[in-house]
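Given these sequences and hints, build the entire structure.
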Amino acid sequence: MTIHATDMPLSLVKAKDALLGPETDAFLLGRMRDGDPEAGEKLVLRYHEPLIRYLYRLCGSMPVADDLHQQTWLSVMEHIEKFDVSTGGGGFKAWLFRIATNKANDLWRSAKRQRSAYDGAMRIAPSEAPPPGDQIEGVEEAAKLRDAIARLPEAQRQVLLLRYYSGLKFVEIAETLGCPLNTALGRMHKAMGKLKEMME
Amino acid sequence: MNTSLLHQLENNEAILLMYLANELPAQDRNEVEHMLERDGQLRLELAEIQQAYTGSYGVMRQADETTPPTSPFSAARAVGDVLRARQSDMPSVDDHEERRHVHWIAYPIAAAAALAIGMFLWWQTARDDMMKPQPVMVTDRGYDGRGWGRWGGPGGGPWGPPPGMDGIDQDDMQILRAFDPVIRDPGSEAQRQVAAIRFLDQSLQ
Numbered sequence: 001m002t003i004h005a006t007d008m009p010l011s012l013v014k015a016k017d018a019l020l021g022p023e024t025d026a027f028l029l030g031r032m033r034d035g036d037p038e039a040g041e042k043l044v045l046r047y048h049e050p051l052i053r054y055l056y057r058l059c060g061s062m063p064v065a066d067d068l069h070q071q072t073w074l075s076v077m078e079h080i081e082k083f084d085v086s087t088g089g090g091g092f093k094a095w096l097f098r099i100a101t102n103k104a105n106d107l108w109r110s111a112k113r114q115r116s117a118y119d120g121a122m123r124i125a126p127s128e129a130p131p132p133g134d135q136i137e138g139v140e141e142a143a144k145l146r147d148a149i150a151r152l153p154e155a156q157r158q159v160l161l162l163r164y165y166s167g168l169k170f171v172e173i174a175e176t177l178g179c180p181l182n183t184a185l186g187r188m189h190k191a192m193g194k195l196k197e198m199m200e
Numbered sequence: 201m202n203t204s205l206l207h208q209l210e211n212n213e214a215i216l217l218m219y220l221a222n223e224l225p226a227q228d229r230n231e232v233e234h235m236l237e238r239d240g241q242l243r244l245e246l247a248e249i250q251q252a253y254t255g256s257y258g259v260m261r262q263a264d265e266t267t268p269p270t271s272p273f274s275a276a277r278a279v280g281d282v283l284r285a286r287q288s289d290m291p292s293v294d295d296h297e298e299r300r301h302v303h304w305i306a307y308p309i310a311a312a313a314a315l316a317i318g319m320f321l322w323w324q325t326a327r328d329d330m331m332k333p334q335p336v337m338v339t340d341r342g343y344d345g346r347g348w349g350r351w352g353g354p355g356g357g358p359w360g361p362p363p364g365m366d367g368i369d370q371d372d373m374q375i376l377r378a379f380d381p382v383i384r385d386p387g388s389e390a391q392r393q394v395a396a397i398r399f400l401d402q403s404l405q
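Those protein sequence lines, which keep their order, are chains A and C. First residue of the first sequence: 1, per our numbering; consecutive thereafter. First residue of the second sequence: 201, per our numbering; consecutive thereafter.
Hints listed in this document are in silico derivations from the structure and should not be mistaken for laboratory results. Misleading hints may appear alongside valid ones.
Said to hold, decoys possible - Here are some chain A residues pointing at chain C (derived, C-beta under 10 Å):
id : residue
1  : GLU38
2  : LEU45
3  : LEU74
What the hints assert, rightly or not - Stretch-level coverage of chain C by chain A, calculated; a stretch enters the list once three of its residues show a Cβ under 8 Å from a Cβ in chain A:
id : segment
4  : 212 to 218
5  : 242 to 256
6  : 264 to 270
7  : 275 to 286
Idealized CB from N, CA, C, for every residue including glycine.
Encoded structure:
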């Protein structure tokens, strides 16, 4: 019996790659380094959807996710000279998601310090889109899904979201989060199990 | 070099997740497939993990469908604007080349100008010195032959005698040496002048 990885849903990143031309990240990054605005715009467009969704799932609010997204790209531009494409697994994508994860963690830590609870933001999030009358059932289902993801422990949610939105390999996810491979795999397994339980 | 990941993985869940994600090296993958063929329990575990994997991806996808992301264009434009602003702050390649060229040529020009000014000043000073009237000799000491040293005359330094002393030969030197006692001879000023005139008159005859 053989189950192939191709049976799994494709990540958003792969779909975007197909849409946004054949240039590699390294090529666009090189041009961006030389100050080419178009290359920068193209990279932002390439990763916008997976990155903004990842940040949204981490922080629970689209305006906050937007802000974190902007901070992430500012950080990319600030440190672009230091990034070496040849070092580390996952290349630019892993670096980008690592920066985004750090930005979200910083926000989370600072929110915790200020007691403006991260959980509070998560509670606010479902009420952002007011439900149209005929879609109440669908909206309730969506809220249930969002809650299920949000209720996952932080470490488990990060692995699941990174895997789903970035399409990074587990080895690269472990590097990005700074944990051993076995830990990343264990968190993924637990996250999947809990999500399944919650949705049943 | 052993590239096997399998033996680094701590449990079946980890192994099966890596297998499902197709992230095991070929050799490890074959080994897992042999294990799955032999072990029915492991096959059940794999099916459960795949179900959970697919189920969680389904949850994520559905959650995303109800939450449209923000427009990507404002973010892209913001990044593009930052890069454009940096570009306008930075000198263009042509400007840079031009500046490099100017820098390259400026140093030799400055050095040549400094040298020319230095030489002009030296020439001015030397010319002023040449134009000054130079004493033929120090009259209170007489001319004893050592005096040439002051100007670097014959047998002296490289600059030669001062203007007006060129062409003096040994006979003239003898006359000048003989003239010394006349000048040094004590007596009244008038007497010394008369003695000197007489002496010169005799010498010229």
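>> Restraint: GLU38 of chain A near chain C, CB-CB cut 10 Å. Satisfied or not?
In response: 7 Å, holds
> Does LEU45 of chain A meet its interface restraint, that is, does its C-beta lie within less than 10 Å of any C-beta in chain C?
Replying inline: 5 Å, holds
>> Can you tell me if the segment 264 to 270 of chain C counts as covered by chain A, using C-beta to C-beta distances under 8 Å and a minimum of three residues?
In response: Result for this restraint: holds, n = 6.
> Given as covered by chain A, does the segment 242 to 256 of chain C meet the bar of three residues or more with CB within less than 8 Å?
Replying inline: holds (count 10)
>> Less than 10 Å between beta-carbons is the criterion; does LEU74 of chain A satisfy it with respect to chain C?
In response: This hint holds: LEU74 of chain A lies near chain C, its Cβ roughly 7 Å from the closest one there, short of 10 Å.
> At a Cβ distance under 8 Å, does chain A reach at least three residues of the segment 275 to 286 of chain C?
Replying inline: holds (count 11)
> Do three or more residues of the segment 212 to 218 of chain C come closer than 8 Å to chain A, measuring C-beta to C-beta?
Replying inline: Our answer is that it holds, as 4 residues pass the Cβ test (under 8 Å) against chain A, meeting three.
Against the hints set out earlier in the document, no violation occurs for any number.
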